[in-house]
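Dock chain one against chain two, each of which comes alone in its own frame, and use the hints as you go.
Here's the letter readout for the chains.
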Amino acid sequence: MNIPYRPVALGLTALLFSGILLQRAQAGGGHFFAPVSDPLVREECGSCHLAFAPSMLPANSWKRMMGDLNNHFGADASVAPPAAEQITRYLVENAADTGGQRYGGRLMRGVSIENPPLRITELPKWVREHRELSANDWKSRDVKTKANCAACHTDAERGYYDE
Amino acid sequence: MALKTNISACLLAALVLPMASFAAPRDDLLAQYAAAAKAATPAFSSFSAARGEKLHFTKFAGRKQETPACTSCHADNPRSAGRTPAGKVVEAVAVSVTPARYTDPSKVEKWFKRNCNDVLGRECTPLEKGDWLTYVISQ
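Quick mapping for you: the protein sequence lines, in order, are chains A and B.
For the first sequence, the numbering used here assigns the number 79 to the initial residue and increments by one for each residue that follows.
For the second sequence, the numbering used here assigns the number 666 to the initial residue and increments by one for each residue that follows.
Simulated from the structure, these hints should not be mistaken for lab results.
Incorrect hints may appear among the rest.
[Stated by the list, open to error] Derived DSSO-like pairs: lysine-lysine, alpha-carbon spacing no greater than 27 Å straight-line:
hint	chain 1	residue 1	chain 2	residue 2
1	B	Lys775	A	Lys141
2	B	Lys753	A	Lys222
3	A	Lys224	B	Lys753
4	A	Lys141	B	Lys724
5	B	Lys775	A	Lys224
6	B	Lys724	B	Lys753
7	B	Lys703	A	Lys222
[What the hints assert, rightly or not] Partner residues aside, some chain B positions facing chain A, computed with beta carbon under 8 Å:
hint	residue
8	Thr749
9	Pro750
10	Ala751
11	Gly752
12	Lys753
13	Lys778
14	Arg779
15	Asn782
16	Asp783
17	Arg787
[Said to hold, decoys possible] Far from chain A, some chain B residues (derived; all Cβ distances over 10 Å):
hint	residue
18	Ala705
19	His721
20	Asn742
21	Pro791
22	Ile802
C-beta atoms are modelled at their ideal positions from N, C-alpha and C, and glycine is treated no differently.
So that you can see chain B by itself, here it is in the shape it has in the complex (with noise of 0.2 Å):
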């Protein structure tokens, strides 16, 4: 009986520890955004999954035309892959699709800074970006 419960305590941690190791960088990540954000505007409480996903749908009329928002190369359901102009595909930004998403901090600031660029015109803000990530886990 105890041999069984140690077997099943084993199973569990083996399918929530790498669960626990993919969230550890996207929690850190979305510190320093809160960090950042709490700086710049003394008033930040908390990230939005709301604002993030109004982010996420909203049309700029940015840098390139072919691309004015997240969801022109993202899809426009968060959890379907998406597709770049030259054909790629873009697995799906939702974490419950793509679990391994959003936990190497260099990568995710290479992405927001290019995305950022091309889609709005400029860098987003720490607020953004915590607001997007928070949408996108919730997702």
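Chain A extracted, bound-state conformation (with noise of 0.2 Å):
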């Protein structure tokens, strides 16, 4: 029997490539981040900044930030020690080495999770990511912040961070 080697080779590369595609589909290409869902954390985080997704830090860099939000970055972000509390709670449960792995585990690679960054800005696979992009890209008027996602993620807030 003469086995017809192209047409089946081709037709298996084509299934194999559907097969990662749609895996990547389905884990959201690595650029899904679950938003934030607890309405008082989308209150309080979200009221100068974007409410970052829990899964891009691990635990020990919300704890540390939590525990600092009177210098938050040079800016004075305190809030009041009952609130304070729910927050971190959500945080630390949902952060990329706990409930978030499966939107956060890839944004870990090559992180101590031990003595994290606390800048999402500052993990191996960000800077990776926006290497293409110049100062000037960072420095424009509709920009101006590396923490200013939403200025090209325009659907960042529901937790797409597509190209």
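In structure tokens, the structure reads:
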């Protein structure tokens, strides 16, 4: 019997390719981070900047950040104790190395879980994904800071960070 | 005729009552600031929208260089929406544009603390808070 190698190989390649695509689509291509669902967290963390997804940083980052809100990257972002505790609990439970692993797991590659950075923009994967942007892109009137995800990722509020 | 008058009265009440319920917490807050201002300076008589306006536009060499004045985030026109450095829209400070503003005292205190620390490099005095609040209520 003569096996038609070429069509079979082509078919298998196509199947493999669609399999990879499907898997990436299901995982949001690594570009989906479930947005904050707690209304208090959304309100308190989302007044000055986008309420960043808890799965974008490991639990240790959130703990350290919430312990120093009086000096939040140079600004006073203090929150009264009962609310602060609730916010910390939510962030820690849904962090990249806890409940939010399926979204933030890949972002944690090369990150020290014991002593992680506080800035999402210092994560190696974040830096790699944004390497094509120039200093001028960041300084443009509509962007201004690297914390302004939604300037380019128009669907960031809903958790989508595609290009 | 009487029914018509009644309906008009009800409509008027429906319009005015919500405004009154917004105004009450602001009046309470102003009264608290006035008492504290009087305690600090016995010569205190009343708050001034003009002083509040001056404070709103003054450039300070406070803690954060990127936000030297209230207007850094709150826009130059009190009736326009502002924008934070990280791109979030801030509703206009003028009560005429955002009527529900300053009705939650803990929220007002939270933002005075944060913003005064960042812009002035210290907390605001009760006099400054009362003046500023009087200014934005008048706008």
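Could you check if Pro750/B really has its C-beta closer than 8 Å to a C-beta on chain A?
-> 6 Å, holds
Return the status of the interface hint for Lys753/B: holds when the least beta-carbon distance to chain A is below 8 Å, violated otherwise.
-> 6 Å, holds
Between Lys141/A and Lys724/B, does the CA-CA distance stay at or below 27 Å?
-> 34 Å, violated
Does the claim that Asn742/B lies outside the interface with chain A hold up, using a Cβ gap greater than 10 Å?
-> 18 Å, holds
Using 8 Å as the Cβ threshold, decide whether Gly752/B counts as touching chain A.
-> Holds - the Cβ of Gly752/B comes within 8 Å of chain A, reaching about 4 Å at its closest.
Verify the interface restraint on Ala751/B: the C-beta must sit less than 8 Å from at least one C-beta of chain A.
-> 4 Å, holds
Do the numbers back the hint for Thr749/B, that is, is its least Cβ distance to chain A under 8 Å?
-> This hint holds: Thr749/B lies near chain A, its Cβ roughly 5 Å from the closest one there, short of 8 Å.
Checking the smallest CB distance to chain A, is Ile802/B really beyond 10 Å?
-> Per Cβ check, Ile802/B is outside 10 Å of chain A; nearest 21 Å; holds.
With a cut-off of 27 Å on the C-alpha distance, tell me whether Lys224/A and Lys753/B pass.
-> 13 Å, holds
Is the Cβ of Pro791/B more than 10 Å away from each Cβ in chain A?
-> 19 Å, holds
Would you mind confirming whether the straight-line C-alpha gap from Lys703/B to Lys222/A stays at or under 27 Å?
-> 43 Å, violated
Quick one, are Lys775/B and Lys141/A close enough, alpha carbons at most 27 Å?
-> Cα-Cα ~21 Å, so holds.
Going down the numbered hints, you'll see the structure goes against 4, 7 and 17, while the others check out.
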